[in-house]
Amino acid sequence: MNPRKQFSFSRRDFFSRTRDGLLGGALTQLLCNDFFGGTEALAQAPQEPYNLKPKRSHHPARAKSVIQLFMNGGPSQMDLFDPKPVLNRMDGKPYPGSVEGIGNTSTTHVGVMMGGQYRFAKHGQSGLWMADVLPHTAHMSDEICLINSMWTDHPNHDNALYKIHSGRLFMGYPTLGAWTAYGLGSENQNLPAYVVLNDPLGPPKNGARNWTAGFLPPVYQGTSFRPTGSPILNLKAEYNQPAAATKSAQDLLKQLDKIHRTHRPHYPELAARIESYGLAARMQLSAGESLDVSRETAATRALYGIGEEPTNSYGRRCLMARRLVERGVRFVQIFLEEQPWDSHVDLADNHRAVCRRTDKPVAGLLRDLKQRGLLDSTLVIWGGEFGRTPTSQKSGDVYTGRDHNMQAFTTWMAGGGIRGGMAYGQTDEFGHQAVGDPVSVHDFHATVLHLLGLHHQKLFFTRSSLEERLTEFDHPRVLKEIIA
Amino acid sequence: MNWRKKKHLIIRLLACLNSLAAGFLVQAAEDAPVHKKKINQHDVLPIVLLRCTACHGAQEQMGGLDLRTPKGMQKGGKSGAALIAGKPEASLLIQRIENQACPPSGLLLKYFVQRPSSTELGTLRKWIAAGAPEEPGLADVATTQPDLLVAGEDRKHWAFQPPKAVLEGHTIDGFIAEKLEVNGLSFSPEANRSTLIRRAYLDLIGLPPSLTELNMWSASDDSQWYSKMIDHLLASPHYGERWGRYWLDLAGYADSEGGVSADPVRQVAWKYRDYVIESFNKDKPYDRFLLEQIAGDELIDHANVPEVTGAMVENLVATGFLRMGIDQTGSRTMNFVPERLGVISDALKVLGSGVMGLTLECARCHSHKYDPIPQRDFYRLKAVFQGAFDEHDWLSFKTRTLNVATPQQLKRIKSVNPPLEKKLKALDQQLKEASNTVRLELLRQHYPRQSEDDRAATLTALRKADNTRTLKQRLLVERLQRVEVLPQDGQSKSVQAARLVVSNLEREIAVLQRQLAPPDAIRALWDRGRPSPTYILRRGEHNKPGKLVGPGVPSVLTDGRTPFVVEKPFPEGTPKTGRRLALARWLTQSEHPLTARVLVNRIWHHHFGAGLVRSLENFGVKGEQPSHPKLLDWLAIRFMQDGWSIKTLHRHIMNSRTYRQSSHVRDLHLKTDPQNRLLSHMPIKRMDAEALRDSILFISGSLENQRGGPPDAVRVNRQGLVSVGSTENGRWRRSIYLRYRRTEIPSFMDTFDYPVMGPNCVERNVSTVPTQPLMMMNNAHVRELSATFAARVGKLTRSGDAGDHVELVYRFALSRSPSAVEKQLGISALKKLRQDWDDDSVRALETYCHTILNSAAFLYID
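Chains as they are written, first to last, in the numbering used here: chain A, 1 to 484; chain B, 1001 to 1862.
Derived from the structure by calculation, the hints contain no laboratory data. A hint or two may mislead.
[What the hints assert, rightly or not] Residues from chain A that keep clear of chain B, each with C-beta distances beyond 10 Å, as calculated:
#1 Asp91
#2 Gly202
#3 Val293
#4 Ala299
[Unchecked claim] Here are the simulated EDC-like pairs of lysine to aspartate or glutamate, each with C-alpha atoms no more than 16 Å apart in a straight line:
#5 B/Lys1831 x A/Asp251
#6 B/Lys1472 x A/Asp251
#7 B/Lys1164 x B/Glu1591
Heads up, the beta-carbon is just placed ideally off N, CA and C, and yes, glycines get one too.
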């Protein structure tokens, strides 16, 4: 077998030092950082299989892990974070520029200027602007850096989603989470390095392509933990069998595989495969435990809005994310079902509803991370794939929503070395286009990698003799200004 | 090169500039805008093609205007001449663009055009002001003058030299032995008979032997039993299902378009899949196989024949090879020139990585960093495809299939389909209603106090796209979704009954769909005989045109002094450029340095787990050196001498001592040849996803033997598990016949490294991740198949003797008898399992069979 293509979690020397090898040793300490030692990021020995062992970063990291609160559908920047008095004054008037540059549908659907839908106020010592539909998040303003000048390359959900997650407009490329897992490995070998928490109501638009490893080895792919029941596909037997029979079967398998391997010396992949059965067994134990929010105090649960509606569902996922990060998971993404922010119709009501679901849990997460001393090492990212237009959009017979806007949107970050309480970048007077310190998706990715101790140029994967990077051939800008 | 001598090649494309100037201009074109020289029509045409010809070009001439040539511009349309030389302000072309009448605001998205930039407008104005000067034929093509961009030195790389070998007096084993001896090694002993049987079966047909065949080969006292077994397997129709799959990976086969999340299904992609399987089964000579796939539409003028034959249909289906990549240009918003260029570049990448062993795509944006492939050569190759893949004359999704079928096929479609379609339509309606009944029952059960009006409003809301729902509608839908995912046993009787109606209808629909005669549509690529000019795109950007180039092949693979000769294939018939035909002929010349080498190396790779050149897709300077260069050349020449027969190649390889070695690794091997580059032993191999799934189905007696036709549908449950429905016989077809929609890859296949096609897969990963054991241990379907397997074993051993059971399980699953230890372990495990299962021996055997399917001995091939 071609060793170049051998990917596995472990390698032979590791296996030979694991005392009882197989199914024992749940939550074993064996796999901690010390045991493996570090390796320079990407400087894998040529024959070493791809794995999730912790790797040394390119430079000292500010953040050890990332929680991405992905706001699918495209939240409206001028209604939530980036107030526009001029726009408010022009409410109901025609758009003064060329309507060809607005939205993603035919120009005949472009309506008139639509003022902000909510009341804004300044918050915290820093005085960040936030709308009144985000009362809890507003309380955390001094931890938050608003990036108001994000822009992207495509006004369609599909392509903008590929772009924001993988830096490309097309499917098949590794996402930020996959690159992170590839570059840094994981601190916990009993859990995947990259975990995705989906909405029980359903998957987001683009589904699993939001957390694909693309052409990277599959070990770096995001693992979607199911929100209800057992967290990973096939984690528990989907048939009935007495525990004793399962135990007997495992014993038999262990013996048979040992015989098989003894007769075939010098094939490390056989050891790796046996270990993958061990890891599977350990995952069965630790995955369930890591998501069990009932182990938290009532006070903590209340902080996230667990046990009350409409925050229960999102709150649970935010708390699960904290538990995962605490256990060394490198990258956690939380999604909402389909694309609730995509408000072509009834924007005021629809946005308010999503805020009600998410605002308290998000603020609870920041507060909880902070009080546990985890916020310093955890980068929290809030944002979607694009923003919305200053004009209303005709949908059916009504003009009550906004269309997609790739030219400006707001993303915020907190923790993990970010300077809190600042707003970065400016948009024009309508919030239509980023005009001051524009931040491309590549800039955004380069900054996140930088905080994780990775350099976007040094982080590459060779495919068909080509060096592939998250940030392509561009020379993106690390936003040094927003780093504390 | 002997293609120069071919008498039927008549049209020669000769460059007008001498090569010194050509070289200089190409270099200039790559680095800087072209304005250093005098402005001419080639500064303007790329702009007009990009911005204007969607409405005034090949497909439409609105207002009677065709802007594709300067002549057309001067001739103008109903409103008069589009340009007046020397007077830009008086020229309609400039006026219309300036006042934004053109392109019309309302049509930008319909025709996928964008307004010219001010720089572009400036260029147009400048050209008209200069009197709209034209220079004759500047297309850069290979000439008889030496090529200055690619030097003789560049051609010295081993893979750019034609293969050379003396066939007589050499064998595969001779070449291997020679290197082994130099390194103080020798061949490993021959593997034992049962190992050879299992190895050969899984290798050639991807299935283990049946018990009858196992017994036959095991007991044979014929000294030629082994080579007879190889012949027997090569004659099996399962051979094409196994080896065709490798080619489908190379082509990037997919049953959907990809690119957008709707991921539309490609209804007839399967015809190409069947073509590939058939071609392998028929041992179609590889040169012919390539010819059909690259230029099948230029072989016979199917539009001008009295009767369409099966062979003609096959030729057209074959061209699907170049249309397998991601193609989002059918989308409402993703059909701009850059996206079209992406489709073209993917096709070139498939050709380059799969057939030519070159990373051609590196030269799309700039001259290749490592290989002597100037950017010019990428665009010359693009020009070869321009007649069929024209970003300025792009066919819409609806017009991008050919409807060609034999009279028999048409007759069948006409007689069989209408009544079935009528029934299907009615069933679809019933299914819609039944699904709504399920929803209403769910709402009634879980929200008894909800009004019937709200329930009806929920159904209405579901008919709207989720992003155009009002808040009230969203909340109604959410309420429904919340109860839809609850476990089935918590649902009321009426919900369960309604769901049963739905699944019965689904089954009925699937059965009827299988009875439909395949439609006459073919997903083909065909030349339309009117290529737009091809310009180099600086930095690969669609709006940075450089120099005009003509069709050609990478110079480094030629002597650099030979024009690329193209002739129209049907001078009296359908207009076609013949460019791809010329390419295919050039590729299959016996002197071609790469075609045969790349193919034999791929075949070698599949037999031995690694190629003689390990970088299958890259024979260039940065590719790996061949471990046995002389053997590689010998195989390539032998292959061509044997009429490009892949089956003969298999025979050479599999009958060799090299292939028949044991896979046992000794300490000496590890020391001298740790990577097995010298082939001192056979490596063990893990079954790929197809072999694994098909073997489990075969062993459990659940494999449906139906071949070909539309792919089997898959289902996605709310947890994201993608599973495959059984046929009406309660069985499953081979994995190659499943539907591979890019966004719905069956979970089992995905778990065992079924690749993401991007655009193709030149070599699969072999990963070892815990999701694999989880799938094998816990998945309900794997368990059911284990139970079927156990029932089969139980039936065949009426004695109920545990020893007999173990014996039979091993022969089925591992094609051998258990060792004494394994047998003893099996017997005691069965005894213990029987206790664990409260004395249920049937269940005990199920667990045992399931365990064997989980064992390394099953997963790996010695």
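Results for each hint:
no.: 1; hint: Asp91; result: holds (21 Å)
no.: 2; hint: Gly202; result: violated (6 Å)
no.: 3; hint: Val293; result: holds (19 Å)
no.: 4; hint: Ala299; result: holds (27 Å)
no.: 5; hint: B/Lys1831 x A/Asp251; result: holds (14 Å)
no.: 6; hint: B/Lys1472 x A/Asp251; result: violated (56 Å)
no.: 7; hint: B/Lys1164 x B/Glu1591; result: holds (9 Å)
Going down the numbered hints, you'll see the structure goes against 2, 6, while the others check out.
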